[in-house]
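Chemist: Using the hints, position chain R against chain Z.
Line by line, the protein sequences give chains Z and R.
Numbering-wise, the working numbering puts 121 at position 121 of the first sequence, and it's gapless, one number per residue.
Numbering-wise, the working numbering puts 6 at position 6 of the second sequence, and it's gapless, one number per residue.
These aren't lab readings, by the way, just hints derived from the structure by calculation.
From a predicted model like this one, the values you see are computed outputs, not experimental measurements.
Some hints here could point you the wrong way.
Claimed, not checked - Not everything, but these chain Z residues come out facing chain R in the computed CB check (under 7 Å):
#1 Asn16
#2 Ala34
#3 Ile78
As the list claims (entries may be wrong) - Chain Z is nowhere near these chain R residues, computed Cβ spacing over 10 Å in every case:
#4 Ala26
#5 Glu49
#6 Arg95
C-beta atoms are modelled at their ideal positions from N, C-alpha and C, and glycine is treated no differently.
Number of protein chains: 2
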Amino acid sequence: MLQPDSNSAPSINTGNVHAQFDQISAHWRPHVIATLNNQHVRVAKILGEFVWHNHADEDEMFYVVRGSMIIEFRDTTIELSEGDYCVVPRGVEHRPVAKTEAWIMLFEPATTINTGNVRTDLTILDL
Amino acid sequence: MLQPDSNSAPSINTGNVHAQFDQISAHWRPHVIATLNNQHVRVAKILGEFVWHNHADEDEMFYVVRGSMIIEFRDTTIELSEGDYCVVPRGVEHRPVAKTEAWIMLFEPATTINTGNVRTDLTILDL
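Bound-form chain Z, shown alone (with noise of 0.2 Å):
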C-alpha cells in the first residue's frame, strides 16, 4: 500500500487491518483504527468470556474478521465465524464469548464503552 504524500492535506486515515491485529496482544482490549462521524473503528482480539453488559444508546456492530466466537442474548445465542457481521441493538444485554482467540472488528458510536453499563476489571475507559 503507498502512504499518502506528506504535503497532502487533509491528511488521510489509511492503513492495514491484519498490521493493526498484529500491534495487538491482549484480549479484549479494543484498538481504535479510525473516526469518523463521531463513530468509531475499532478492532480487538478476544478468548473467553467477557461481561454480560448493555449499551443504552449505542448499537453496535460485530464483524469477524478471523476465527468464531458468540455472542449470548437473553433469549438466544448467535454464532458468527469469519466474515459473518451482527448488529446488537442498543439496550440488548449482551455477551460476547470466544472459545479460542477470535479477531473482530466493531463498529460504534465514539462514546461506547466496551463494558457498556458494567464497570469491571476489563472496563477500558481511555481508549
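Modeler: Relative to the frame of chain Z, chain R by itself:
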C-alpha cells in the same frame, strides 16, 4: 452461522459479508447490509473508474475485502489491497478506481449519496 430464534425481540441483524457479495452483480451499486446509529454499512463490487466527487458533510471509510483499488485525490493517490482501509474526510474530492474487480465495504452516514455532490448515471438515490 446460527440464525437467532424467531421469537427473539428485538430482531437481530446478522449475516455474512461474502454471502452478501454473492447477491451482487452490478458494479458501483452499494448494498446496505446494516443500519446503526444513523450510519450505513454497505458492500459493493467495483470495476473501472468512478466519478470525481466529494461528500460535504460525511466522512467515508473504504475497506477492501477482496482485490485491490485505488483512491485518487487531487494531490495524491492511495493504493488499497485486501485488508486495507482508508477514511476520506468530508469535503475532500476523490475518485475510486478498480483496475480489476474489487469487493469493498463502506462505512458512512445513512444520508450519504454515492456520487456525493454530482449527479451522473451512476448516482443512486434509492438505496
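Chemist: Just to be careful: measuring from the Cβ of Ile78 of chain Z to every Cβ in chain R, is the smallest value less than 7 Å?
Modeler: Hint holds; Ile78 of chain Z Cβ to chain R Cβ min 6 Å, cut 7 Å.
Chemist: Going by Cβ atoms only, is Ala34 of chain Z closer than 7 Å to chain R?
Modeler: Given a least distance of 5 Å, the restraint on Ala34 of chain Z holds.
Chemist: Does Asn16 of chain Z meet its interface restraint, that is, does its C-beta lie within less than 7 Å of any C-beta in chain R?
Modeler: With Cβ-Cβ at 5 Å, under 7 Å, it holds.
Chemist: Over 10 Å from every CB of chain Z: does Glu49 of chain R meet that, or does the non-interface label fail?
Modeler: 18 Å, holds
Chemist: Minimum Cβ separation between Ala26 of chain R and chain Z greater than 10 Å?
Modeler: Given that every Cβ of chain Z is farther than 10 Å from that of Ala26 of chain R, nearest at about 21 Å, it holds.
Chemist: Once the closest CB in chain Z is found, is it more than 10 Å from Arg95 of chain R?
Modeler: 14 Å, holds
No hint from the list above goes unmet by this structure.
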